[in-house]
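The whole structure should be built from the sequences, with the hints applied where relevant.
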Amino acid sequence: MSQQDVIKSRSMLLQKEMIARNYDKITSGEVKVSSTFVPGNLNELLMCFDIANNLPEINAIQNAMRKKSGEMIMEAERSGHSEDVCTYVKADIGMMAKGNIAPNGKPFPDPDVLLLSYTGCFTFLKWFELLREQYKCPTVMLQVPYSADGQPTKNHRDYIVKQLKEEVIPTLEKISGIKFDIDRLREYLRKSAKAEDDLVWMLEQSKRKPSPIDCYFGGVYYMGPIFTAFRGTDEAITYYQMLREEIQERIDKGLGVQTPEGEMGEEKYRLVVEGPPNWTSFREFWKMFHEAGAVVVASSYTKVGGVYDYDNFRHDPDHPLESLADYCLGVYTNRNLPTRVDMLARNIKEYEADGLLINSIKSCNSFSAGQLVLMREVEKLTGKPGAFVETDLVDPRYFSAANVKNRLESYFQMIDQKRRAGGSATTLA
Amino acid sequence: MRTFIGIDLGSTTTKAVLMDENQAVLGRGITNSRSNYDVAAAVCKQEAKIGARFTLFKNALGSGGGAEILLEDLERNFRLEQFLSELNQLEQTCENYLDHPRFKDMKSALREALGAVFRQIETEAPAIYAPEADRKSDFFRDIAGSRFMDIAERIGRESGISFESLLNIYDKSIIDVESLVHSDEVVSRQLMNGLSRALKELEGVEVSEADAQAALKKVIDLELEETYVVGTGYGRVRLPFPKEHIRSEILCHGLGAHMMFPGTRTVLDIGGQDTKGIQVDENGIVVNFQMNDRCAAGCGRYLGYIADEMKIGLHELGPIAMKATKTTRINSTCTVFAGAELRDRLALGENRADILAGLHRAIMLRAMSILSRSGGVTDQFTFTGGVAKNESAVNELRKLIRENYGELTINISDESIYTGALGGAAFAYRAV
Ligand code: SF4
Numbered sequence: 001m002s003q004q005d006v007i008k009s010r011s012m013l014l015q016k017e018m019i020a021r022n023y024d025k026i027t028s029g030e031v032k033v034s035s036t037f038v039p040g041n042l043n044e045l046l047m048c049f050d051i052a053n054n055l056p057e058i059n060a061i062q063n064a065m066r067k068k069s070g071e072m073i074m075e076a077e078r079s080g081h082s083e084d085v086c087t088y089v090k091a092d093i094g095m096m097a098k099g100n101i102a103p104n105g106k107p108f109p110d111p112d113v114l115l116l117s118y119t120g121c122f123t124f125l126k127w128f129e130l131l132r133e134q135y136k137c138p139t140v141m142l143q144v145p146y147s148a149d150g151q152p153t154k155n156h157r158d159y160i161v162k163q164l165k166e167e168v169i170p171t172l173e174k175i176s177g178i179k180f181d182i183d184r185l186r187e188y189l190r191k192s193a194k195a196e197d198d199l200v201w202m203l204e205q206s207k208r209k210p211s212p213i214d215c216y217f218g219g220v221y222y223m224g225p226i227f228t229a230f231r232g233t234d235e236a237i238t239y240y241q242m243l244r245e246e247i248q249e250r251i252d253k254g255l256g257v258q259t260p261e262g263e264m265g266e267e268k269y270r271l272v273v274e275g276p277p278n279w280t281s282f283r284e285f286w287k288m289f290h291e292a293g294a295v296v297v298a299s300s301y302t303k304v305g306g307v308y309d310y311d312n313f314r315h316d317p318d319h320p321l322e323s324l325a326d327y328c329l330g331v332y333t334n335r336n337l338p339t340r341v342d343m344l345a346r347n348i349k350e351y352e353a354d355g356l357l358i359n360s361i362k363s364c365n366s367f368s369a370g371q372l373v374l375m376r377e378v379e380k381l382t383g384k385p386g387a388f389v390e391t392d393l394v395d396p397r398y399f400s401a402a403n404v405k406n407r408l409e410s411y412f413q414m415i416d417q418k419r420r421a422g423g424s425a426t427t428l429a
Numbered sequence: 001m002r003t004f005i006g007i008d009l010g011s012t013t014t015k016a017v018l019m020d021e022n023q024a025v026l027g028r029g030i031t032n033s034r035s036n037y038d039v040a041a042a043v044c045k046q047e048a049k050i051g052a053r054f055t056l057f058k059n060a061l062g063s064g065g066g067a068e069i070l071l072e073d074l075e076r077n078f079r080l081e082q083f084l085s086e087l088n089q090l091e092q093t094c095e096n097y098l099d100h101p102r103f104k105d106m107k108s109a110l111r112e113a114l115g116a117v118f119r120q121i122e123t124e125a126p127a128i129y130a131p132e133a134d135r136k137s138d139f140f141r142d143i144a145g146s147r148f149m150d151i152a153e154r155i156g157r158e159s160g161i162s163f164e165s166l167l168n169i170y171d172k173s174i175i176d177v178e179s180l181v182h183s184d185e186v187v188s189r190q191l192m193n194g195l196s197r198a199l200k201e202l203e204g205v206e207v208s209e210a211d212a213q214a215a216l217k218k219v220i221d222l223e224l225e226e227t228y229v230v231g232t233g234y235g236r237v238r239l240p241f242p243k244e245h246i247r248s249e250i251l252c253h254g255l256g257a258h259m260m261f262p263g264t265r266t267v268l269d270i271g272g273q274d275t276k277g278i279q280v281d282e283n284g285i286v287v288n289f290q291m292n293d294r295c296a297a298g299c300g301r302y303l304g305y306i307a308d309e310m311k312i313g314l315h316e317l318g319p320i321a322m323k324a325t326k327t328t329r330i331n332s333t334c335t336v337f338a339g340a341e342l343r344d345r346l347a348l349g350e351n352r353a354d355i356l357a358g359l360h361r362a363i364m365l366r367a368m369s370i371l372s373r374s375g376g377v378t379d380q381f382t383f384t385g386g387v388a389k390n391e392s393a394v395n396e397l398r399k400l401i402r403e404n405y406g407e408l409t410i411n412i413s414d415e416s417i418y419t420g421a422l423g424g425a426a427f428a429y430r431a432v
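Protein chains in written order, with our numbering: chain A, 1 to 429; chain B, 1 to 432.
For the record, the hints were derived by calculation from the structure and aren't laboratory data. Careful, some of the hints might be misleading.
[To be verified] Here are the simulated DSSO-like cross-link-like pairs (lysine-lysine), alpha carbons at most 27 Å apart as the crow flies: (1) K243/B x K405/A; (2) K243/B x K209/A; (3) K349/A x K209/A.
[As the list claims (entries may be wrong)] Restraint-style ranges between C-beta atoms, simulated for each label pair: (4) K349/A x K218/B: 54 to 62 Å; (5) S372/B x N312/A: 36 to 44 Å; (6) L222/B x A402/A: 39 to 47 Å; (7) K349/A x E282/B: 20 to 28 Å; (8) G177/A x S372/B: 55 to 63 Å.
Since the model is a prediction, treat every value here as computed from it, not as a measurement. Yeah, the Cβ is synthetic: ideal placement off N, Cα and C, and Gly gets one too.
Below, the structure written as structure tokens:
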């Protein structure tokens with residue numbers, strides 16, 4: 001199937017448009033720009049200062065899906081970055097070295113500010129050090145304590161709010177020349193919460209059998225607007241409403257998952273997936289699942305930019321700064337291992353999944369540390385089998401299709417075997 | 001009779017196991033995988049059927065009265081028959097190549113030379129298959145090939161024909177011959193001929209000629225119905241098998257190891273391209289597995305690389321390493337780094353055997369890490385795959401298991417190369 005034949009829904013087209021518009025805004029030269037990260041970003045706050053949001057991770061993903069990240073990574077390695085460094089970082093560094101061209105073909109402007117609201121990944125610190133070196137622009141850092149106890153504490157929240165008041169907001173005021181207006185923030189947060197309701201509704205539809213959506217491969221599209229430059233906007237509200245209608249339509253028609261190559265056949269396996277996807281062979285990877293009839297009913301990756309379902313977090317206009325703090329503290333990468341185990345095990349039970357599949361990312365320590373322990377724990381708690389595949393984020397050299405396929409096939413057959421041994425009704429030979 | 005067949009299409013060899021309705025293994029077959037998995041599958045299936053006929057014949061003869069001797073002789077003579085008929089095909093194929101325009105001018109000289117080469121191989125054949133004769137390989141390609149080279153070189157020299165031309169014709173022909181799969185009729189004839197040869201030679205066998213022939217005839221006439229065939233191994237995706245007939249190697253190795261040693265809980269399989277650590281439950285069902293990722297460090301291929309590096313045969317590695325007086329510490333399991341380390345150590349004057357022992361240990365350390373990632377090693381532990389034949393590797397593995405997990409039962413079988421195919425056959429049996 002050629003690239004044009006990819007089946008795109010209305011919401012996908014809308015999202016594409018939104019992303020394109022944001023890139024046009026960033027590269028227009030007419031607005032101030034901040035570079036920041038996906039997990040725990042302060043989009044609503046930036047909007048209060050009319051600052052556009054540029055996300056290096058998303059740029060790396062965009063370049064990977066356009067098959068451009070390979071050269072960029074090599075470029076970064078030529079300039080001295082080790083093979084083991086997170087490949088998002090190298091794709092970003094390589095992109096800068098190659099002229100810093102945005103996906104719309106226009107050069108990225110130098111950012112006016114680097115906003116580092118660091119949540120759970122130490123790589124971010126080093127990454128922004130490199131960017132600061134390059135751009136020599138103001139850098140503001142919001143220190144988000146690691147949720148070692150699994151739950152944000154009052155202390156943590158106060159600490160973040162204090163930094164917001166004393167550091168982040170004053171800096172952004174200075175850079176933008178706009179006075180902070182807390183009511184404006186409240187308004188944005190109200191909009192965020194509205195879209196977030198629909199997001200959670202969407203995530204939970206995969207409890208149905210067959211699931212009308214895939215919450216990993218499909219999920220990365222669904223989570224796009226809420227985790228990037230659109231949280232707090234009307235556009236995001238519209239997007240999630242449209243998505244909701246689409247999914248409702250599938251439910252009404254009793255349809256299962258739609259894939260880029262068309263409708264998936266019978267739903268044979270329901271999985272929970274941990275870890276980011278591989279972006280360079282995204283379609284190929286997805287195909288291995290849908291050809292086997294495997295649907296991902298929940299994934300941790302759709303929560304890297306914020307966890308909304310697990311403890312029912314919503315942005316709260318009545319406690320604007322506190323809710324920003326809770327949001328930063330609660331993203332998936334900032335959670336400790338027992339919480340991640342609990343989250344995944346609960347997903348497996350509530351979504352009636354057949355097991356946990358881990359896609360372990362070579363260069364991402366934040367996700368990978370402890371993943372095997374996590375798998376064992378989840379297996380113990382749920383009695384469902386786990387499996388492990390290994391790929392990379394955006395480095396095309398680290399996707400061995402034969403190897404991945406081999407393991408996936410073995411895993412699916414392992415599930416079959418377990419089902420048969422368990423005496424559960426199944427027609428699979 | 002209903003039979004169930006498992007075929008394991010490995011990167012270097014393809015194996016088949018044929019099982020009867022009671023899940024008893026009747027026959028095993030092995031062949032080199034070539035570039036064509038279809039042919040490899042057909043050949044090793046045929047070989048497994050031949051193995052089954054031998055088993056059935058053996059059962060018919062019973063024991064005593066020199067039946068064992070008769071069987072052994074039959075097998076040898078059957079192999080000789082098989083060799084001769086393949087040789088004959090090879091000769092005919094070579095002849096056909098002579099019609100190629102480029103050989104036009106020297107066609108008759110070439111024909112004469114080829115004839116002389118083949119007559120000589122034919123004459124030598126009985127000795128190749130004589131009792132106690134030592135064959136480096138059981139594959140036709142290897143035996144015929146090495147004889148052809150030797151003899152053609154001499155004859156070429158004597159008759160002034162270029163060795164290259166002869167070699168060229170051989171190279172083209174052997175591929176064709178390898179793609180031929182013998183029909184059941186041909187095999188039956190070879191079996192009967194083999195028996196006549198055997199009966200001629202035999203002394204001390206009480207079975208009468210007529211009885212033996214009748215018994216073999218009966219076995220040959222028995223139809224071995226392929227009730228269900230399951231394919232596994234890396235080549236499985238290229239087989240003309242419907243999807244339901246394919247099982248992953250991980251599951252097949254797990255189940256196969258369980259069939260051989262029902263107490264097995266952990267399986268280590270080191271193949272050419274990958275190393276797998278597999279955990280199975282009391283029914284042989286896989287509960288967990290881990291594999292090496294992205295690189296072949298610590299796999300069979302690593303040993304091949306080391307052998308090439310040292311300019312010795314793969315099978316010499318183990319025996320040399322067994323002579324070590326100490327184990328040199330090799331830090332790298334990366335194939336390329338290990339090569340560098342090896343050269344470095346040699347240059348420092350270290351003993352070859354000690355270095356090799358260190359390399360074997362390095363591989364096994366890597367395997368231990370995969371095993372521990374798969375959930376550790378539990379009693380009983382079964383080691384399968386080609387490397388299980390390497391004494392030094394096994395030695396190092398035993399040591400490491402003891403150091404890390406204490407005294408456990410470690411199972412290693414002579415038939416371990418068939419583990420995957422055995423699991424496949426068991427799946428075939430269960431599928432019906
Ligand atoms: S979380 Fe992983 S992928 Fe994301 S920046 Fe950190 S190391 Fe890279």
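Checked hints:
1. Between K243/B and K405/A, the direct Cα distance comes to roughly 14 Å. Compliance with the 27 Å bound is thereby established for this hinted pair.
2. Between K243/B and K209/A, the direct Cα distance comes to roughly 25 Å. Compliance with the 27 Å bound is thereby established for this hinted pair.
3. Taken as a hint, the K349/A and K209/A pair is honoured in the structure, with Cα atoms around 14 Å apart against an allowance of 27 Å.
4. A hinted range of 54 to 62 Å for the beta carbons of K349/A and K218/B is consistent with their spacing of about 60 Å.
5. In this structure the supplied range 36 to 44 Å holds for S372/B paired with N312/A, their Cβ-Cβ distance being about 39 Å.
6. Between L222/B and A402/A the beta carbons are some 40 Å apart, a value that agrees with the proposed interval 39 to 47 Å.
7. Between K349/A and E282/B the C-beta distance comes to about 26 Å, which sits within the given range of 20 to 28 Å.
8. In this structure the supplied range 55 to 63 Å holds for G177/A paired with S372/B, their Cβ-Cβ distance being about 59 Å.
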